[in-house]
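Chains A and B, in that order, are what the protein sequence lines are. Its first residue numbered 9, the first sequence is counted upward by one per residue in the numbering used here. Its first residue numbered 76, the second sequence is counted upward by one per residue in the numbering used here.
There may be inaccurate statements among the hints.
Unchecked claim - Selected chain B positions facing chain A (Cβ under 8 Å, derived; list incomplete): (1) R95; (2) E98; (3) D99; (4) L105; (5) A112; (6) I113; (7) P116; (8) L117; (9) A124; (10) Y130; (11) G206.
Said to hold, decoys possible - DSS-like mimics (lysine-lysine), calculated; alpha carbons at most 27 Å apart, straight line: (12) B/K179 / B/K202; (13) B/K225 / B/K135; (14) B/K205 / B/K225; (15) B/K135 / B/K205; (16) B/K225 / A/K117; (17) B/K135 / B/K179; (18) A/K117 / B/K205; (19) A/K117 / B/K135; (20) A/K165 / A/K117.
Unchecked claim - Where chain B lies over chain A, by a calculated footprint (3+ residues, C-beta under 8 Å): (21) 45-51; (22) 64-76.
Just so you know, the hints here were simulated from the structure itself, not pulled from any lab data. Positions of the beta carbon are idealized from the N, C-alpha and C atoms, including for glycine.
These are the residues of each chain, in order.
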Amino acid sequence: MRFTVSLQESYSRVELLLRTFFGWLYMALPHGFLLMFVGIWSGILTFVAFWVVLFTGRYPQSMYEFQVGFARWGLRLRARLMNLSDGYPAFGINPVDENVVLELPYPEKQSRALLLLRLFFGWLYVGIPHGFLLFFRAIATWVIMFIAWWIVLFTGKYPESFHEFVTGFLRWSTRVNLYLLFLTDDYPPFTGKETEK
Amino acid sequence: MMDDNSPYLPLPQPDDIPVREKEDAMGAYLMMFAGVAIAIPLPLLNLVASFVYLYLNRQKSRFVHFHALQALYSQIPVTILNMVLLAWLIVCLVNDFTFPATFKGYAIMVALVNLVDIVFSLIAAAKARKGLMYYYVFFGRLSYHQAFSKNTGPEKAPVNSPPSF
Numbered sequence: 009m010r011f012t013v014s015l016q017e018s019y020s021r022v023e024l025l026l027r028t029f030f031g032w033l034y035m036a037l038p039h040g041f042l043l044m045f046v047g048i049w050s051g052i053l054t055f056v057a058f059w060v061v062l063f064t065g066r067y068p069q070s071m072y073e074f075q076v077g078f079a080r081w082g083l084r085l086r087a088r089l090m091n092l093s094d095g096y097p098a099f100g101i102n103p104v105d106e107n108v109v110l111e112l113p114y115p116e117k118q119s120r121a122l123l124l125l126r127l128f129f130g131w132l133y134v135g136i137p138h139g140f141l142l143f144f145r146a147i148a149t150w151v152i153m154f155i156a157w158w159i160v161l162f163t164g165k166y167p168e169s170f171h172e173f174v175t176g177f178l179r180w181s182t183r184v185n186l187y188l189l190f191l192t193d194d195y196p197p198f199t200g201k202e203t204e205k
Numbered sequence: 076m077m078d079d080n081s082p083y084l085p086l087p088q089p090d091d092i093p094v095r096e097k098e099d100a101m102g103a104y105l106m107m108f109a110g111v112a113i114a115i116p117l118p119l120l121n122l123v124a125s126f127v128y129l130y131l132n133r134q135k136s137r138f139v140h141f142h143a144l145q146a147l148y149s150q151i152p153v154t155i156l157n158m159v160l161l162a163w164l165i166v167c168l169v170n171d172f173t174f175p176a177t178f179k180g181y182a183i184m185v186a187l188v189n190l191v192d193i194v195f196s197l198i199a200a201a202k203a204r205k206g207l208m209y210y211y212v213f214f215g216r217l218s219y220h221q222a223f224s225k226n227t228g229p230e231k232a233p234v235n236s237p238p239s240f
């Protein structure tokens, strides 16, 4: 999996303030409303795909692409709400965002044993260790976001290391989600850094 | 063999159908588990899911269109039976939990219909995954007519033509 959020040369302070005070209204609300329905559909497809993978060892490609598109949509929105990127996120599962990129190659075959293992023990060997660490990472991310907010407001620049740290949190949590949703067989690493070139 | 005057298009053979289309066709029948998937056992949900699936996939190919249509049509009578059962159940619960024998008979009948529906849907899903056509009684013919008629489907007969010289 590859997930990147481009660091812009400069960030708009007007957009920053708009997002901070009205982002919930003009961004989170309309996207959240639609994502809720798409999320229900995604849940249905996940359930269906689980059984298909169990019997055939292959995730139906159309369903897979839908799930990845759904993840991309959510990440586009979160990247904006976390002030990692300017601009308004596109609606839908198909649009391509040049600032927020998620690439997940389609696996021709998936392990049925891992599928069952995740279903029954995913909470144990993924949820608990990653959840525990992500909890503290989330707190640190909030602190970094708060500091970065002021820096962007006064300088119009997002410090690169801060940007990478916040992006890393998104990357880490996305890897865990994708693994638990049976979209990849690769166990998520305990890092927010990019592991694939 | 199908002659050129047939109102229907030739059927695709398993080897000609991409795996992706076979999987899409298979998925149509599995929408009957939509209610279970999101843990809301409302009969109408499966029908809505089948409809959404048809809407999203009908343009992909006639093979997918046929299976999605058949899956949707087969859901309609089952959904009606289930909804009546649910309504009747609510009435019984409201009336001091009294369940008349007719209700019990109806409930058993609906359970059997659902069982048959599940079995046939799984058979149809497996056939679709292999790229095979599988016809339900009545609904199979109706879906075939709608999906493979020369005047319907994604590649309709051309409407525009060049000017006559």
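Hints, verified against the model:
1. R95: holds (5 Å)
2. E98: holds (4 Å)
3. D99: holds (5 Å)
4. L105: Nearest chain A Cβ about 4 Å off; hint holds.
5. A112: Status holds, d = 3 Å.
6. I113: The hint holds - B/I113 has a Cβ within 8 Å of chain A, the shortest such distance being about 5 Å.
7. P116: This interface hint is violated because 13 Å lies over the 8 Å limit.
8. L117: With a closest approach of 12 Å, the B/L117 hint is violated.
9. A124: Because about 6 Å separates B/A124 from the closest Cβ in chain A, which is inside the 8 Å limit, the hint holds.
10. Y130: violated (11 Å)
11. G206: violated (14 Å)
12. B/K179 / B/K202: violated (35 Å)
13. B/K225 / B/K135: holds (16 Å)
14. B/K205 / B/K225: The given pair, whose Cα atoms are some 24 Å apart, holds under the 27 Å limit.
15. B/K135 / B/K205: holds (17 Å)
16. B/K225 / A/K117: violated (37 Å)
17. B/K135 / B/K179: Given pair B/K135, B/K179 is violated - Cα atoms ~43 Å apart, limit 27 Å.
18. A/K117 / B/K205: holds (17 Å)
19. A/K117 / B/K135: The given pair, whose Cα atoms are some 23 Å apart, holds under the 27 Å limit.
20. A/K165 / A/K117: violated (44 Å)
21. 45-51: n = 3 at 8 Å, threshold three: holds.
22. 64-76: holds (count 6)
Figure legend: structure checked against the earlier numbered hints; hints not met, in rising order: 7, 8, 10, 11, 12, 16, 17 and 20.
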